[in-house]
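Model the full structure from these sequences, guided by the hints.
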Amino acid sequence: MTRRLAIAAFGAVLLACAALPVHAKRLAITRAAIADLDVTRLSDLLARVDAWHAQSADGYTWQPTPDALSTPRANTWTVALNGHALDVSDFDANHLELVPVSLAEIDSIVLDDAAGTDGSRGRIEIFASRAAGGWRAGGALAAGNETGDPGPYRYTSMASPNVDAIGPDVSLFLMYGGGGWYAGLSGGLMQHPFTDDAMREHTTTELASLRPGAVPPGESSATSWFYDPTWPTVLRTSAALRAGARAGGHWHDAIVSISDAKRYFHYSEPFGGEVPTDQRLVLGALSGAFGGDGGGAGTRAGYRAGIQHKSLEDRDQVLTFDYDWAVTRLRADADVAHAFGGARVRLDAGIEQREADDPRDELTRTDDTFTRAALTVSGHERAPVSAAATLSGTFADGERAPGASGRVAWVMREADTLVVSAAYRTRLFAEDDNLWLWSERGYSLLAAQGVSYTIDGAIDRTAVTSADLRWTSSGVLGAIDLALGYRRFDDAYLEERDFTFEPESCTFESPTRVVTGQAGNVGTLDLKLWHRLGDNSRGDFSFAYVEEFGSDASFARAWQSVPRHRLTYAMTFRPRPTWTLRGRVAHRSGTSWADYRGVDGAVCRTDGVEVVYHANVPAATTFDLAVQHRFWRRSAAVDLIARNLFGADVKDHPAGATTDFTLYLQLRIPHGGGL
Amino acid sequence: VTGAAPHRRDDTIAMRAARAAFPILAALAVILTGPGPACAQAPGPAPFSRLDVALRGVADFGESDLHDDWTPGRGVELATATPFYAGDLDLVARFIANTARDGADVPDMPAFSLFGGWSFDRTVGGGLRAGLGGAIGITDWIASYADNEGASSELEIGTEVSARLGFVFAGTWRADAICAWQATFTRERIDLVLVSAGLTKSFDAPGWIRSVLE
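As they're listed, the protein sequences go chains L and E.
Note that the first sequence covers residues 1 to 675 in our numbering.
Note that the second sequence covers residues 1001 to 1214 in our numbering.
Please note that the accuracy of each hint is not assured.
Stated by the list, open to error - In silico contact screen, one side only, chain E against chain L (beta carbon under 8 angstroms); selected entries: (1) Asp1069; (2) Tyr1085; (3) Met1109; (4) Trp1141; (5) Ala1143; (6) Leu1155; (7) Ile1157; (8) Val1161; (9) Thr1184; (10) Phe1185; (11) Arg1187; (12) Asp1191.
Stated by the list, open to error - Just some of the chain L residues that point at chain E, by a computed CB distance under 7 angstroms: (13) Asp149; (14) Thr156; (15) Met158; (16) Tyr424; (17) Gly583; (18) Phe661.
Because the hints were derived from the structure by calculation, they are not lab data.
Ideal Cβ positions, reconstructed from N, Cα and C, are used throughout, including at glycine.
Below is the structure:
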């Protein structure tokens, strides 16, 4: 009865309102805002956005989510570049640095927790710039150094291992824009060593484990003049050719790109340690639109089509880990929007074909075809009260994953807005594209590496029901943004382990239990306040709270690894138009990791230092300071960024890296200038 | 992890005096540069309008584990400063030779530093100026073996605060004495007390430098 009432109430909400492609946690980050975040990498940026939570084991790839709401595996995020979904997720990590453009080329980033027509939990939309007119060249050069190295003591009895450095990262672009067209070429190079004490033993062991008869990497690498292959370091390179032309009142863009990560050591919990892979993503895509601008009356049509090939392998054939794997995706989708009177109707339709290539021919099924459609109706978009609704569905092999969402926005007065939204989203297991899907289909990666696991039941569609309320108000002295949210997860599946410690290799071992049919409830609160501090400065305060309640045991157990409180206060002072000083204090509450209770207090002794692993990650408070100077008519900037000034013990994961006081220096000439 | 200290040197009177001089100099600079009637001084030069170029000799009078294996370094520093909207922006390049002590099984470790920072000073009477500064930068410790085998370097982050006294003469020349405390954030922190002295020459900044800095 309760369930029927809930469905009826939800239906009433849908009838009364609707879902624009705008939701309670939509956040647009402009180029200027990117500069204000004092970051040098895309993944780093997503770790510093207010109200978002990002976790990292290695400090290189991050799992970014709004309020950690995508912790269950079935709620993955789509990363898209100019509308094209990118296959940057491998079995255990979102590798955002595979995005083939650099921060210097990015015009804006939109973080949207609305369900996309691809069935994802939400989207991270990255928009790369087009050349406006004439030649434009630029790029960025950035490097960071974390404190805690041995320095000259390396040659004494006080010797200790070197810890992480960041970069050097280099990116360049050259573009030309004619009247109604543009073309450009860009490339990037990035390095990140995995040498933190907590992971050093794992990574060096993996690096040293050569296949019988293999040539040691130090003698085989053609890139050894700028990359040391004897270190556990990822070398990420990328190149992209972008071009476009304006026709029919809209841009039509094409991109061909390749991004490559050589020897990425990503921490994988099923394996209990770092797994080395070579990853490569090749993309070719087209997009564009015809018709009206979508804002007034008339009809507008858009299209996107692309092919991409993602491979995980050991190209040097030197590592013992056999990870050969490739996935090819063909995607095509279109949308048609028609506006009339005060209303607008939009129809999205698309098809995706995915084909997996396992050289061992173990898969019982290699290809899937997903058909997706969504219908959005919105009304009175410019009236004090506007509403929208979306119905969507994904269809594959006789199965379907429906979704629906609705939104009402009330502009109470010019500076006060109240938005209420609700959504119901489902996602097919086949869309998850993760280790468990392919294991179920016969891929024996885990078994071949001696990893044991069980799946306790059938994995079905995971459903997420959400409701959000958001109030924003602004005045002369500042502004406030308050958001309350509720999420209900049904049929989620999660992983459980009871790790034991292997002191010889400093790795963790446990069979994995995939627990299915889990339900859970999560409530969130996000508060942001802005206030002026005179004409040239301002303060930004942000507080986020997330609480799990009334959930199944496995769900509740997993949620203990999400910090309940996150608080930041950033103060920006601009003494001169070209000089900016920024201070930031951030606090995150501690977390508890049930999987690691069995290794609490375990000690890894390596290279003269001791690392103690704990099941609880303590709360952390950090202070950052940044100085930014813009020059060459503000088309270039130099950033000096000091992170974790007082050397707080900051880590996100029991087996992960600890970051100390780190200093970054960055020189950048972003696309479009106008810093 | 702690190491034995077989090569601990005896402090000399000069070392003890230099370490004692730092807080005295700092206190003096704070008193002399603090708020008071002298606040009514004329406004400073326009930002980036001037370049001060200095050459100074520098000596390390610090006491840390570093000095168990290496003799306190002597060196030289080349510095430049330009007026900012308040105070001065500083850039210092420094070389200090750290030679291995007799019997220590370590290579010589000459260190190159590059520090950028901010400072301010004020006239306290006659041609005498007193000031305080802070800087952040990097030091590259280069292992130097006699046979050049196994040479490598360690690049580390550090900060320093300084107190300074200067005497202006002949219009654009200044004689400076600076005492700085420098911390390098290695796993076992390295603390140095650096005393430097030398001459500074002031120039009008070329237009292209001003346009870049502005």
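Status of each hint after checking the structure:
| no. | hint | in the structure |
| --- | --- | --- |
| 1 | Asp1069 | 6 angstroms, holds |
| 2 | Tyr1085 | 6 angstroms, holds |
| 3 | Met1109 | 5 angstroms, holds |
| 4 | Trp1141 | 5 angstroms, holds |
| 5 | Ala1143 | 7 angstroms, holds |
| 6 | Leu1155 | 6 angstroms, holds |
| 7 | Ile1157 | 5 angstroms, holds |
| 8 | Val1161 | 14 angstroms, violated |
| 9 | Thr1184 | 6 angstroms, holds |
| 10 | Phe1185 | 3 angstroms, holds |
| 11 | Arg1187 | 5 angstroms, holds |
| 12 | Asp1191 | 12 angstroms, violated |
| 13 | Asp149 | 6 angstroms, holds |
| 14 | Thr156 | 6 angstroms, holds |
| 15 | Met158 | 4 angstroms, holds |
| 16 | Tyr424 | 51 angstroms, violated |
| 17 | Gly583 | 15 angstroms, violated |
| 18 | Phe661 | 6 angstroms, holds |
Against the hints set out earlier in the document, violations occur for numbers 8, 12, 16, 17.
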